[in-house]
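Using the working numbering, you'd call the opening residue of the sequence shown number 1 and step up by one each time.
Treat the hints as calculated values from the structure; they're not laboratory data. All of these numbers come straight from a predicted model, not from anything done at the bench. All C-beta atoms, glycine included, are put in the ideal place defined by N, C-alpha and C. Please note that a few of the clues may not be correct.
Claimed, not checked - Derived CB-CB ranges, DEER-like: (1) P239 - S260: 21 to 29 angstroms; (2) T349 - Q300: 35 to 43 angstroms; (3) R306 - A94: 16 to 24 angstroms; (4) S356 - S270: 21 to 29 angstroms; (5) R185 - H148: 37 to 45 angstroms; (6) S356 - Q160: 27 to 35 angstroms.
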Amino acid sequence: MTSTNDPRTGPEAQQLRVVDPWAPAPSRASRRAERDPAPRRPAPPAGGRVDPAVGQALGFDLLRLSHVSGASGGLGRTLRRIFGSDTSAADLAASAAEAQAPVTTGRRIAVFSTRGGAGTTTAAALLARLYSAVRQDTVAALDLALGHGTLGLRLGVDAQATAATFAQLVPETTGGRLPSAHDMRAMLAPVRENLLATASAGAADGPPPAGSLVRETCASVSRYFPITLLDCPAGVNQPTTAAALADAHAALWVVPATMSGIEDAVAQLSGPYLRRLVAAGRVVVLVTQLDRRSPLPATQQAERLRALGYEAHALDYDAHLAAGARLGLSRLGTERRMGVAHLGGRLLTVANEAQSRLGGQGAGERR
Numbered sequence: 001m002t003s004t005n006d007p008r009t010g011p012e013a014q015q016l017r018v019v020d021p022w023a024p025a026p027s028r029a030s031r032r033a034e035r036d037p038a039p040r041r042p043a044p045p046a047g048g049r050v051d052p053a054v055g056q057a058l059g060f061d062l063l064r065l066s067h068v069s070g071a072s073g074g075l076g077r078t079l080r081r082i083f084g085s086d087t088s089a090a091d092l093a094a095s096a097a098e099a100q101a102p103v104t105t106g107r108r109i110a111v112f113s114t115r116g117g118a119g120t121t122t123a124a125a126l127l128a129r130l131y132s133a134v135r136q137d138t139v140a141a142l143d144l145a146l147g148h149g150t151l152g153l154r155l156g157v158d159a160q161a162t163a164a165t166f167a168q169l170v171p172e173t174t175g176g177r178l179p180s181a182h183d184m185r186a187m188l189a190p191v192r193e194n195l196l197a198t199a200s201a202g203a204a205d206g207p208p209p210a211g212s213l214v215r216e217t218c219a220s221v222s223r224y225f226p227i228t229l230l231d232c233p234a235g236v237n238q239p240t241t242a243a244a245l246a247d248a249h250a251a252l253w254v255v256p257a258t259m260s261g262i263e264d265a266v267a268q269l270s271g272p273y274l275r276r277l278v279a280a281g282r283v284v285v286l287v288t289q290l291d292r293r294s295p296l297p298a299t300q301q302a303e304r305l306r307a308l309g310y311e312a313h314a315l316d317y318d319a320h321l322a323a324g325a326r327l328g329l330s331r332l333g334t335e336r337r338m339g340v341a342h343l344g345g346r347l348l349t350v351a352n353e354a355q356s357r358l359g360g361q362g363a364g365e366r367r
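Using the sequences and the hints, build the whole thing.
This is the structure we're talking about:
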């Protein structure tokens with residue numbers, strides 16, 4: 001009989017012999033860490049981690065993104081980056097060069113869709129992040145949704161920030177009132193040093209502002225920013241969206257890579273309203289893939305639209321984008337980053353070309 005005083009049979013010894021059969025064998029580094037544990041780091045401040053560039057991190061943001069990274073590609077891709085002839089850094093710089101083109105006056109880029117859930121806000125947030133990352137000047141992003149917009153969430157706007165919603169900007173920028181640059185900056189929330197955004201409305205608190213007021217507000221804001229992104233409500237017949245599109249220098253139409261989405265796009269492009277915008281050279285189409293296992297890849301559907309004569313780009317499924325939380329360009333794979341950079345460059349080129357065509361018509365129409 002084994003003695004109960006035997007140290008090999010005590011509770012401590014029994015805990016040591018509990019082995020998880022699915023756990024990997026401990027490495028030398030892990031055994032060394034057990035012998036010489038690293039000093040503990042100081043506890044984070046109360047209220048969660050704070051990023052001075054984007055404000056306080058959202059609680060569920062870190063939880064949802066803890067195991068998500070669209071840039072991870074396994075050991076093989078890592079080795080190719082280190083030892084191979086991967087020129088992704090040079091390609092990324094070349095793709096971003098067009099997005100760094102000089103801007104003489106404010107450019108307004110409207111992001112819209114004809115149906116909800118297409119990824120309009122995701123695209124607007126990606127473009128805002130891109131322009132602020134590759135440019136030295138300041139970019140503005142406006143959430144034109146009347147209620148419960150999510151642009152602030154995707155950009156990481158601090159929920160405690162005292163920023164104005166778009167509806168609150170309207171009375172401050174219309175009727176002959178033109179705020180100073182200091183007042184305009186104070187009304188918007190800082191996302192980065194060179195990226196400001198409106199707060200997203202929690203709920204609709206009234207009817208949408210008149211189209212003329214929407215146009216006046218967007219023009220007033222873009223006086224102070226070389227590039228202003230407009231995240232529009234779904235539907236080209238929605239008054240706010242129609243007003244934003246009327247004066248936008250470029251428009252990005254986000255189309256989901258679904259059978260109904262593509263068929264709707266073909267029908268809308270042949271309609272009179274969008275046909276006028278397309279004829280003016282101001283519409284670029286972005287096909288988004290919302291499901292990893294979709295039978296209709298975004299790249300193929302974009303190619304279908306290009307075959308019909310439209311400029312179309314594709315954004316494949318990405319786990320980081322699908323998480324629905326704060327966006328970060330560094331979490332995207334190299335190909336997607338280059339795709340977003342190329343898209344941003346094309347939109348800015350379209351906007352600059354539209355402004356040059358309007359130059360002879362007078363600067364008052366598009367300030």
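Here is what the structure says about each hint:
Range check, P239 to S260: Cβ separation about 24 angstroms, and the 21 to 29 angstroms hint holds. The hinted window of 35 to 43 angstroms between T349 and Q300 is violated, with their beta carbons roughly 25 angstroms apart. The given range of 16 to 24 angstroms is respected by R306 and A94, whose C-beta atoms sit roughly 21 angstroms from each other. For the pair S356 and S270, the beta carbons lie near 28 angstroms from each other, so the given range of 21 to 29 angstroms is met.
A C-beta distance of roughly 25 angstroms is found between R185 and H148, which places it outside the suggested range of 37 to 45 angstroms. Distance hint check for S356 and Q160: the Cβ-Cβ separation is about 42 angstroms, which falls outside the suggested range of 27 to 35 angstroms.
When the structure is compared with the earlier hints, violations turn up for hints 2, 5, 6 and for no others.
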